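Visitor: Sequence:
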Amino acid sequence: MSRYIILLTILFSTFFSYSQQQATTTDGKTVILNADGTWTSVPQIDNTSIPKHAELPKAKSQDIIINHLAYTLSYNTTYNIANWVAYELTAEETIATVKRDDHFAPDPLLHSNTVSNTDYKGSGYDKGHLAPAADMCFSSQSMIESFYLTNMSPQDPSFNRGIWSRLEKQVRQWAVDDNKIYVVTGTILTKGLSTIGFNRIAVPKYFYKVILDYTEPEIKGIAFILPNTASKETLQHYVVTIDSLEKVTGIDFFYQISESKQSVFESAIDLKKWSWTTNSTTAVDKEKASTSSQCKGLTKAGAQCKNKTLNTNGYCHLHQSQLSGVEKQDNTVQISSPKRSSTVRCSATTKKGTQCSRMTFSANGKCWQHGGD
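Going by our numbering, the sequence shown opens with residue 194, and the numbers climb by one from there.
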């Protein structure tokens, strides 16, 4: 039927003009009708390949969504920190045009459950950025917003200034490498977390980052789950699939993208697709903290060391050897064998000597906290 319509259009156009004419077939395709009676199809531009604000996870009914100039966040009033922050990061935005602000302030768009700087005072934790200030250095307004307390969470100083900082630098490098990426950073919030301050801000045991490069020809995604403690491990050690992170958090990332396209980048890990040029893979980050903190090491008597230290790993020169003991705890996520089709109860034993109550898809029978694969 469409061919007959095209032929009629051709005959019509030859009576009135010998120039090229544009026509539309019955199935909606655009063609160019030539004066000699031939026709040429017009390439269709797909403007829906990536939805607007594709970086935003699927919000839950209880989430408080706050939209700032450079990022969007989901705030959790039960734990008084953000579930996640999400933003697009371009290569151009990694070039600093404004200086770091360092003015921590309440979020003017959050009208309840506000926290204050005094909640962190004397807690022993850093006000750790979810959306890093260095990712927001392209305008004065975005820099100011990066220091809102809704963008902060309690982070161990050795974590915040060590491996977390390394991951943030690596993400910026990927923005440069791939011209544009989507970033989601968040907290894993579970019952029973310790809190700090009058407003009882929860202290997450784990943080995560999700990165999506949706630029052709190689669409790729990667996720990380990191324990809130010092680490000498490589960043690759903490890589997980986006699918597995969704199971842990219950959050649907990149839900606006079709399921067929999600399967390309959410279910698999290919470390070779990512550059690791800025990742320090040798030892503890050597940068010094701006303020000292009490050493986390234990004396022979079993008491906490009273020395003050500027080391980002939180241990003074006498107790550096204790750092490896902390990091050998079985609290990281490992990637290896395929997932189960249904959940089973974690087979690991808790510190109290009871079986872990979490359910897991891991083939080794352990949940994410006890080394699930």
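Keep in mind that the hints were calculated from the coordinates and are not lab data.
These numbers were taken from a predicted model, which means no experiment stands behind them.
Some hints could be false.
Restraint ranges, calculated between C-beta atoms of paired labels, are given here [said to hold, decoys possible]:
hint : residue 1 : residue 2 : range
1    : Asp445    : Ser540    : 36 to 46 Å
2    : Leu302    : Thr543    : 37 to 47 Å
3    : Asn392    : Ile288    : 28 to 38 Å
4    : Val291    : Asn260    : 35 to 45 Å
5    : Ser456    : Val537    : 43 to 53 Å
6    : Ala461    : Gly558    : 35 to 45 Å
7    : Gln429    : Glu285    : 25 to 35 Å
8    : Pro410    : Lys545    : 19 to 29 Å
Where is the CB? At the ideal position from N, CA and C, for every residue including glycine.
Visitor: CB of Asn392 to CB of Ile288, is that within 28 to 38 Å?
Guide: 36 Å, holds
Visitor: Given the hint of 37 to 47 Å, is the C-beta distance from Leu302 to Thr543 inside that range or not?
Guide: 40 Å, holds
Visitor: Assuming the hint says 19 to 29 Å, is it satisfied by the Cβ distance from Pro410 to Lys545 or not?
Guide: Between Pro410 and Lys545, where Cβ atoms are some 52 Å apart, the hint is violated.
Visitor: Looking only at beta-carbon atoms, does the pair Ser456, Val537 fall within the given range of 43 to 53 Å?
Guide: Violated: the Cβ-Cβ distance is about 24 Å, outside 43 to 53 Å.
Visitor: Taking the Cβ atom of Gln429 and the Cβ atom of Glu285, is their distance within the range 25 to 35 Å?
Guide: 28 Å, holds
Visitor: Take the C-beta atom of Val291 and the C-beta atom of Asn260, compute their distance, and say whether it sits inside 35 to 45 Å.
Guide: 21 Å, violated
Visitor: Go ahead and decide if the range 35 to 45 Å is satisfied by the Cβ distance of Ala461 to Gly558.
Guide: 22 Å, violated
Visitor: Is 36 to 46 Å right for how far apart the beta carbons of Asp445 and Ser540 are?
Guide: 28 Å, violated
When held up to the earlier numbered hints, the structure conflicts with 1, 4, 5, 6 and 8 and fits the remainder.
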